Amino acid sequence: MDPLKQLAFDQHVILRLPSGNRKIVQLKPNSSISLGKFGAFHVNDIVGYPLGTTFEIYYDGTHEPDLKNQNRIPVGKIRLLSRTENETGEREQSPLPAELANVLSSANNQKLVNLGNDVQGLSMAQIEDLKNQTASGEEIIAKMIENHGSFDKKTVYSQEKYLKRKKQKFSKFFTAEYLSSSAMLQFLLEKGDVQRVMDMSQESLGMLLNLANIRSNGTYLCVDETGGLLVYFLLERMFGGASEAGATAIGGGTIVVVHENEHPNLDLLKFSNYPESFLKDHIKTVSLLDFFEPPSSQQVEAAFTPLPKDQVRSLKAGKKNAYYRRLKWYNNQRQIITLANETEYDALVIASTLHLPQLVQRLSTRVHGSRPVVCYSQYKETLLELAHALYDDLRFLAPTILETRCRPYQTVRGKLHPLMTMHGGGGYLLWAHRVIPAAEPAI
Amino acid sequence: MSVFSEYKDCIAEGDLVLVWISRDNIKPIKVDSNEVFNTRYGSFPHEMMIGKPYGSQIAIRTKGTNKFAFIHVLQPTPELWTLSLPHRTQIVYTPDSSYIMERLNCSPRTRAVEAGTGSGSFSHAFARTVGHLYSYEFHQPRYEEALREFKEHGLVDIDKNVTITHRDVCRDGFRIRNGDVTSHLFGENETEVAVGADVVFLDLPAPWDAIPHLEDVISKDEKVGLCCFSPCIEQVDKTIEVLNRYGWSDLQMVEIQGKQFESRRQMVRTLDDAIERLRDVKRRKNEGLERRKRMCDSLLNDQPEADETVEKRPITEKTKFNPFGKGARVKEGDANYKWKQVTKVEPEIKSHTSYLTFAFKVANQIRNEEAIQRILESSESK
Ligand SMILES: C[S@@+](CC[C@H](N)C(=O)[O-])C[C@H]1O[C@@H](n2cnc3c(N)ncnc32)[C@H](O)[C@@H]1O
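The listed protein sequences correspond, in order, to chains A and B. 1 is the number of the first residue of the first sequence in the numbering used here; add one for each residue after it. 1001 is the number of the first residue of the second sequence in the numbering used here; add one for each residue after it.
Hints are computed from structural coordinates only; laboratory data are not their basis. Note that the structure is predicted; figures quoted are calculated from it, not measured. Yeah, the Cβ is synthetic: ideal placement off N, Cα and C, and Gly gets one too. Take the hints with a grain of salt, since some may be wrong.
Unchecked claim - Computed cross-link-like contacts, DSS-like style, restricted to lysine-lysine with a CA-CA straight-line distance of at most 30 Å: (1) A:Lys153 <-> A:Lys77; (2) A:Lys77 <-> A:Lys28; (3) A:Lys415 <-> B:Lys1344; (4) A:Lys191 <-> B:Lys1259; (5) B:Lys1338 <-> A:Lys77; (6) B:Lys1331 <-> A:Lys380; (7) B:Lys1338 <-> A:Lys380; (8) B:Lys1008 <-> A:Lys415; (9) A:Lys380 <-> B:Lys1344; (10) A:Lys415 <-> B:Lys1223; (11) A:Lys28 <-> B:Lys1223; (12) B:Lys1340 <-> A:Lys23; (13) A:Lys380 <-> B:Lys1223; (14) B:Lys1220 <-> A:Lys5.
Said to hold, decoys possible - Selected chain B positions facing chain A (in silico; Cβ < 7 Å): (15) Gly1064; (16) Ile1091; (17) Lys1223; (18) Ile1256; (19) Gly1258; (20) Phe1261; (21) Val1281; (22) Ser1298; (23) Leu1299; (24) Asp1302; (25) Val1362; (26) Ser1378; (27) Ser1379.
Unchecked claim - Covered stretches of chain A, as calculated for chain B (at least 3 residues, CB under 8 Å): (28) 46 to 52; (29) 147 to 157; (30) 191 to 205; (31) 355 to 361; (32) 383 to 392; (33) 407 to 416.
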């Protein structure tokens, strides 16, 4: 089983619910996951199916009630919602959803009188009963249509709308998707963490990755104020996931994260499915202070000298621990010196609310010639100030401010139109190339 | 070694280099020590570039005049290539291609199918990112041109990640078999390429005729993503119909709007200064009137006071209050004035490129029950 293709145990995945909401869960073996009013299911029942599969939770009356906790959602059974059958088989003859294929409809809704709930022949209690007894969402909806007094007076359009609404309400299906960087962004935006992710959008991040020429085997310098989301986008583009625990990547590549607090904040990476060791190999973190004021080699070498292996082995337990602690410090200091003084970076990628002209100009001294500098900001004005500063600095070629916006459409045949509302954010990008100015030529 | 697939330090003989003259004038050249790169502003011998780090500015004194001219020499990237490539067809630009790649989750693990190749703009972006790209083009000269270009760019080779095939995908589908016109080099016992694509991009006039053929080349045990790129809404409608019929789901059509801004400055001109200037004009007008009146009076009274009036004129000229530099040619950003930083949107924006119709498919929704049992048992025994 390949966790990049199939649902795997202990993996984090994102579930899409009928309401359109999303939920990040971990697939712990032998556990169950509750989706509130959409039901609950056993993890073991879905593991092994391809990522992106849609499942239905159903209750056949055999589930045992939870005696200790009456409010607990009972765990149902799982079956596949075979979209392909539905859509290839029945839809071929009829452009209508299967549920509407055999009911009458009206050319317009002239005869439709709004009676509220009275037209529904089933009482609330009866619907509740149905929900408990059996019944998949589809069966409940079919019964409701059957008992709907004026369903045939509705136009096909409003019948479809009714169906969609009821499906969202009664269907107990969900889709288990791969937790991509875009999916994580979408999740955070919907959850209301707009400020935390600096109002980023999928299209802005996609463009950032391409403009910064992010790919495997690159060494990138990055400032990420979103708690690791930007780093996750870079990781996914560079490696596309680690296929097995501890597995090595397809190619190499390193992200060097410079952070403004004493410790880096890459919390969101805990949802990623990269093993800890993988993250350690490919992400290095350095504080701004260490980056700009690294220790000198002499200082570090004077403070500590690694011992030959056999000498280490003969150390006593207490001393050994102390030795290893100091060795770790020593290696870390040496790494800081390398990253701050020696590495020439293949791109500078920034999402930060620090004052940008200073940050970008100072970090760029370590960027290799011809490599891109890309800066994301929620506000055009901060990038404008940056653009002016870089324009006057001969080490930057053609600083440009860019905006990209995705406009989604209602995607139904014959009824294509832009959605009535959409998320307004998305921020802006500044794109420039690091160049090496020439001295004025002699006459 | 390809300048597109590896980061290079310094420019070497034979490298493909992008010469940046200005924002909308970027020229690809092949470095040849016997050649000279000519611009309107002067001539740059390639010799000057060799051995320099990528990103270097190359400066020369222009002949005759004593000014100097310069260019920048850059290592190609797919995004810069898109801005400088020779157009053989309409091309996909970065706002669209970058969104499509992100939405289809492209990475080194991706196996992508693309038709048609066209000018290869998107192909270069795909090639940089994905594990393997299978590109198809049915127009013979365009196929050959693209093949030649991809070879030159080091994208097509035994160990490289692009395969280009001459094919009408609407009529003959996507399978690549021994004997076909393709860049793929078949091994001894190899009869057909195992494409196994998980990403599909269709940029051709009738995607609905190509979609049914995709079954032969898409991966069956994982989710596959597809994007059709069509300028007309009627094409989208027809595409949706066929996608539904062939079991694709989660359909969504979107449009991408990209914009660029120039950073400029606007002079800060305050109301107070405007009033003050009017006041100044008025005062000087009055002074002028009075002066004229005095001159008239003195002439009438025949009192020769001429030298006094001559003196007065230049003094009033000098004190003229001109806070906005009216009449003078003021350069944007002139340090003698106050400025506000502003953005200016590019004069012509690409208001419509194409509609992007996305769809997804998981062909085989099955699992290996035994494998699951084995995993569970082994974890229990631990
Ligand atoms: C608009 S261009 C593609 C541009 C390309 N995406 C780029 O970014 O440069 C469309 C190309 O599709 C090719 N084409 C059209 N129908 C085709 C078919 N049935 N099979 C293969 N190629 C086809 C055309 O010859 C043309 O070169």
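*Hint check against the structure, violated hint numbers in rising order*: Going through the list in order, the structure violates hints 1, 3, 5, 8, 12, 13, 15, 16, 21, 22, 23, 24, 26, 29, 31 and respects the others.
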